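Asker: The lines below spell out each chain.
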Amino acid sequence: EVQLLESGGGLVQPGGYLRLSCAGSGFNFNTYAMAWVRQAPGKGLEWVASISRDGDSTYFTRSVEGRFTIARDNSKSTLSLVMLYVRAEDTAIYYCAKTTGASPRPFDYWGQGTLVTVSS
Amino acid sequence: QSVLTQPPSASETPGQSVTISCSGKRSNIRSNPVSWYQQVPGTAPRLIIYDDNERPSGVPDRFSGSKSGTSASLAISGLQSEDEADYYCAAWDDDLHGWVFGVGTRLTVL
Chain A
92 EVQLLESGGG
102 LVQPGGYLRL
112 SCAGSGFNFN
122 TYAMAWVRQA
132 PGKGLEWVAS
142 ISRDGDSTYF
152 TRSVEGRFTI
162 ARDNSKSTLS
172 LVMLYVRAED
182 TAIYYCAKTT
192 GASPRPFDYW
202 GQGTLVTVSS
Chain B
230 QSVLTQPPSA
240 SETPGQSVTI
250 SCSGKRSNIR
260 SNPVSWYQQV
270 PGTAPRLIIY
280 DDNERPSGVP
290 DRFSGSKSGT
300 SASLAISGLQ
310 SEDEADYYCA
320 AWDDDLHGWV
330 FGVGTRLTVL
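So the protein lines, in turn, are chains A and B. With this note's numbering applied, the first sequence corresponds to residues 92 to 211, in that order. With this note's numbering applied, the second sequence corresponds to residues 230 to 339, in that order.
Pulled out of the complex, with its shape left as it was, chain B reads as follows:
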């Protein structure tokens, strides 16, 4: 049940910045904290942003999150080749009483 909308793909060159959007509704993004996960194909997901804009220890400050109303964004500055991965947003949904994920955005570092 992917109820969070993300662009399927994004691309940018090394050193540049990119922003990935995540759109939801009142019952999920507006009402609850958003988290973001990075997944390099073939590996397990990794938490990179939680509570809208907090970074776990070990996550570079090149990664930042923001939220406004029913939308959230993940920004990555100073792109590096190792940032090439799939990125998922997620939030708890009060109507569904469960977690919802975005469909994922595949980031290509050209």
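Next comes chain A alone, as it looks inside the complex:
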């Protein structure tokens, strides 16, 4: 059974730093591109970042480019999102998502999400 388990969310001050992690299991992690998708309170889904199977290619939505970094460790089946200089508008549930293959492919499995709240 495919499982994605996010961790690392919490309360962070504006301008601060946060690192999200996602542990994958039940599938061959290095065979699939991975992504982070977020959802602000009461709002719709917003793609944040994607990473290729080997980690060599990364893609970001414009609002986080230069502030967020996506990375993966295929030896440990983990995905991470490092968030720098966070802003109030980064407040959201962050979902880790597995794609159906190489990027860009749709997201067939999602984690339960981790809540990030940016506030002073």
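Quick caveat, the hints were computed from the structure, so don't treat them as lab data. Incorrect hints may have been included.
Claimed, not checked - Heads up, simulated BS3-like pairs for lysine-lysine below, C-alpha to C-alpha not over 27 Å straight-line: (1) K134/A <-> K254/B; (2) K296/B <-> K254/B; (3) K167/A <-> K254/B.
What the hints assert, rightly or not - Chain A stretches covered by chain B per the calculated footprint, using a threshold of three residues with CB under 8 Å from any CB of chain B: (4) 145-154; (5) 162-173.
Said to hold, decoys possible - If you want a taste of the chain A side facing chain B, the calculated C-beta under 7 Å gives, among others: (6) L136; (7) D199; (8) W201; (9) S211.
As the structure is a computational prediction, the values presented were derived from the model and not from experiment. For each residue, glycine too, the CB sits at the ideal point set by N, CA and C.
Got chain A; can you put chain B on it based on the hints?
Answerer: For chain B alone, kept in the frame of chain A given last:
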């Protein structure tokens, strides 16, 4: 960056059919496959249609997708109470080099 247009809401009675539209442009829907996601409030999204009209295993054949030019549609037949959820379309955008989602359509089964 919700660049895909969806109606904010839709409603229909049980047993009936409903269609949700998704409008984009050349750089996203016309050029790339469309996927659809179902999200029951308080839970994670679920992929229900990919590659315009393919269903993942476990998704009932009451759900179907179609695409023509810069628009796509999700049709749900034989509506059931458990179909009440938010539905999002999505596609890769070649100009933005990223995924774009629709704003979401809240489906109410009356």
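Asker: Now tell me if each hint is right for this structure.
Answerer: Now for the hints, and whether the structure bears them out:
1. Annotation: proposed proximity of K134/A to K254/B holds, straight-line Cα distance about 23 Å (limit 27 Å).
2. Between K296/B and K254/B the alpha-carbon distance is near 12 Å, which keeps this suggested pair within the 27 Å criterion.
3. A distance of roughly 39 Å separates the Cα atoms of K167/A and K254/B; the hinted pair therefore is violated under the 27 Å criterion.
4. With a cut-off of 8 Å between beta carbons, the segment 145-154 of chain A has 5 residues touching chain B; three or more are needed, and the interface restraint holds.
5. For the segment 162-173 of chain A, the stated coverage by chain B is not satisfied: 0 residues place a CB nearer than 8 Å to a CB of that chain, which falls below the threshold of 3.
6. Nearest Cβ of chain B to the Cβ of L136/A: about 5 Å, under the 7 Å cut. The hint holds.
7. Interface restraint check: D199/A against chain B, minimum CB-CB distance 5 Å, threshold 7 Å, status holds.
8. Interface restraint check for W201/A: the shortest CB-CB distance to chain B comes to about 4 Å, inside 7 Å, so the restraint holds.
9. Checking S211/A against chain B: minimum C-beta separation of about 26 Å lies over 7 Å; hint violated.
Consistency note: the structure conflicts with the earlier hints numbered 3, 5, 9.
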